[in-house]
Amino acid sequence: MNPNESLVADTKNTWCPGCGNFAIQHAVKFVIEEFEKEGVPRENFVFVTGIGCHAKIADYFNLNSFYSLHGRTIPVASGIKMANPDLKVICFAGDGDLYAEGLEHLIHAAKRNIDITVICHNNRVYGLTTGQYTPTSPYGYRGKSTPGGIHEYPLNIIEMLLGSGATFVARGYSRKIPLLKRIIREAILHPGFAHIDVLQICASFFNMTPQYDEFVYETSEANVSQFDVACRTGQQWNYSDPGPIPLGIFYKTIKPSFPENKEKKVINREEIIRTILSRYS
Amino acid sequence: MNEYSILIGGKAGDGISQAGQIIGSIFSSLGYHVYQYVDYPSLIRGGHNFCIIRAAKEPIFTHRTKVNAIIAFDQQTVDTHLDKLANHGIILFDKDKVKTEGVGISITQIINELQGIPIMGNTAMIAVLFRYLGVPWEHVESVLSRKIPKKIEKNLQIAQAAWKTVTPGLNISPISGETKPFLSGNEWIAIGLLAGGIDAYIAYPMTPSSGVLHFLASVAEETGITVYHPESEIAVILMALGFSYTGKKSAVGTSGGGFCLMTEGLSLAGQAELPIVIIVSQRTGPSTGLPTYTAQSDLMFIRHAGQGEFPRWIAAPANPDEALRLGAEAVQISSQFQIPAFILTDKTFSEGIYTGSSSLPRTEPTTKPGPTFPYNRYADHPDGISPVLSPPYPGESIKVNSYTHDVRGITTEDPQVTRFMVEKRKRKQQVLCEYVDRPENIFIDGDKNATTGIICWGSVRGPVTEAIQTMSVRIISPLILEPFPKKSFLKAMEGVEKIILIEESAMGQLDKILREHGIVPDQQILRYDGRPSAVEELEEQIRRYV
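Sequence order for the protein chains is B and A. Here the first sequence is numbered in UniProt numbering, starting from 1 and rising by one per residue. Here the second sequence is numbered in UniProt numbering, starting from 1 and rising by one per residue.
Think of the hints as simulated: they come from the structure by calculation, not from any bench. From the three backbone atoms N, C-alpha and C, an ideal C-beta is built for every residue, glycine too. Take these hints with a grain of salt, some might be off.
Away from chain B, derived, C-beta distances all over 10 Å, residues of chain A [said to hold, decoys possible]:
{"no.": "1", "residue": "E3"}
{"no.": "2", "residue": "I117"}
{"no.": "3", "residue": "Q160"}
{"no.": "4", "residue": "S244"}
{"no.": "5", "residue": "P291"}
{"no.": "6", "residue": "R438"}
{"no.": "7", "residue": "E497"}
{"no.": "8", "residue": "V546"}
Chain A stretches covered by chain B per the calculated footprint, using a threshold of three residues with CB under 8 Å from any CB of chain B [to be verified]:
{"no.": "9", "segment": "193 to 204"}
{"no.": "10", "segment": "323 to 337"}
{"no.": "11", "segment": "418 to 430"}
Listed next, with one range per pair, are the computed distances between beta-carbon atoms [said to hold, decoys possible]:
{"no.": "12", "chain 1": "A", "residue 1": "H139", "chain 2": "B", "residue 2": "K262", "range": "39 to 45 Å"}
{"no.": "13", "chain 1": "B", "residue 1": "P147", "chain 2": "A", "residue 2": "D529", "range": "48 to 54 Å"}
{"no.": "14", "chain 1": "B", "residue 1": "R279", "chain 2": "A", "residue 2": "E101", "range": "50 to 56 Å"}
{"no.": "15", "chain 1": "A", "residue 1": "P286", "chain 2": "B", "residue 2": "E36", "range": "20 to 26 Å"}
{"no.": "16", "chain 1": "A", "residue 1": "P149", "chain 2": "B", "residue 2": "R269", "range": "44 to 50 Å"}
{"no.": "17", "chain 1": "A", "residue 1": "V520", "chain 2": "B", "residue 2": "D10", "range": "56 to 62 Å"}
{"no.": "18", "chain 1": "A", "residue 1": "T470", "chain 2": "B", "residue 2": "E263", "range": "27 to 33 Å"}
{"no.": "19", "chain 1": "B", "residue 1": "E263", "chain 2": "A", "residue 2": "K95", "range": "45 to 51 Å"}
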């Protein structure tokens, strides 16, 4: 993993042709390379992934990684960050992974403003398990588990994150690479919890390219620290009905983040245990 | 008298448990060994709480059915426990609230006259007890002033006023011996973890394990460890594994219900070969069961939890010294073997309060082979234990993986690599088996030549040891339950012809492990009402078979 070595590993890539994951991988590679040039060593990054197509990114980078469980990127990443606040911890998660089974962790990570970056590969379908609906699939979506079409409206994840106290909320699109690179970079630099919902297509089960290409636009970031503006931007698209889809950083604010970088004390464990025991005598 | 048992009872919120703990501390300061049993229902205010504090000249780890004194803050205490009063026993009671015979003190009146608050009745009653027992005021005062958390002066004033209303009925003697630390089983386990070198303790509150969380949170600052309470037990174990990945020694604690949620994380630890210490304190189940009462019915669950096959270590301490030793060893073993290490305890031990020794366990230095470069997280080694490196490490990527992986940590479906990794973990299991199969992991007591053997584990051993004192019986009790120290156990069983198994479960948990090894108990003494057995109750049951 020396700086001359490619960040992308020589492991066999098994993503489908046309998958949005390639674009996300490319954007991430670019951002890490940029950080490296600025003096952040690559070994300071740790990638934590869930389970699903997105998660293979752990194997595809020559970087520290914890390939965890479905829905469980955030607690693992939180533990790593708490254990060593100097590490830059990035979660890669899928929409089924993060917004279904992982939802409790997501909300609480936003609430505690833990200093990690979450990149959700949101293709709005379960790809690896062959096309079932996810929490952000549109109303009426027909998948193998819902042949009659779902009777649920999708979760507007942007509204939910804003409501949970997230201090950095953004949406990217895998076919708008320069924007995605900028958002990822800013998210990593953000001191606190940063969430990027990345719209990407699933080439095999839910190819939304025509619709996304028609409706996405870059939103103004002029009032990025205003919560009410962020809420309105987030409400422009409800993940179901066709209509303009804003992209960019919706909200960015500074709040006390976690973990606090505490000064390391030299502690004589045995002596302290004896002191504690003496209090109970 | 060689020993004293005191029952103190009142409503939840009266501070019964804390008062009990101060009584225990005063006995401890007189040189006694002390045990405190705490009984309370699952509610915050009202109901009936009681503690039994037993002080003796020898180490004790359980209560007796009869008590020498009852301290009653309410009528229910007298009505419920009068039959437990020994001959010549005495009832000390708040005359303003309770009608009975004995030593009645107008607690409420004393508090009102001195403008105190109701909770100070505790201090008053403690003073009354020790006045009755003939302990000098200066001695009681010195412990009280150290142990009372708030408004010490006012408390002492009230205590002294109450003291003066009573004349001594006994004259107990201090015994030689140092004042021993008096802590709950959970706290002894926590100190064991600290001695073993944990860096982080993550837990979600769950009775009866919360004492570990509360204790470690209270000392986190001075010990430099991280203590954190996240959103669920699922988050707990995964956060702890995040700590493990960075090379920090982490522990978690819960009870059966919380452990249900942890099982996927447990299996991840097995596959990713990440060390973790898991404390499980058993309570009466299944499901929510009796949240504040005891059981030994989760051993099979803990032993088999998680999908797939991977090595694990399970220890069950029965007393403070073992809690210290095994707590420290759990940290060491999990780290050395990169496996989950369990401390399996129960409500009786977790919330029982015990005097123990203040000598800390020696933790063996772990000898680990250093990593080779380029680094492979799952590199092969004859004992199956791969050298560990933690991020950040310049020039190396450190990869752990929940999927079947190759030596680098990259996902694979290759059958040969799969077999190789399974065999690597099997070799580790084998080394672990040999490591635990040592005589010190089997507790033997009683008549060591007796042909009748009693097998028990965990907190039940305390009362069993006392119950058989006049019988020709051998006690054999494993401290490590997984991997089962078979050779050492069979050696300890040599000459035993009749086996009695004593457990707090309905179907037998250790029973199933014993049968795997061809050991079939002749009799089982099982209890499953959530209550621990007193010495006399066990003695009567054991006599039926001896």
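Looking back at the hints listed earlier, which ones does the structure fail to meet? The structure conflicts with hints 4, 10, 11, 14, 15, 16, 18, 19, although it agrees with all the remaining ones.
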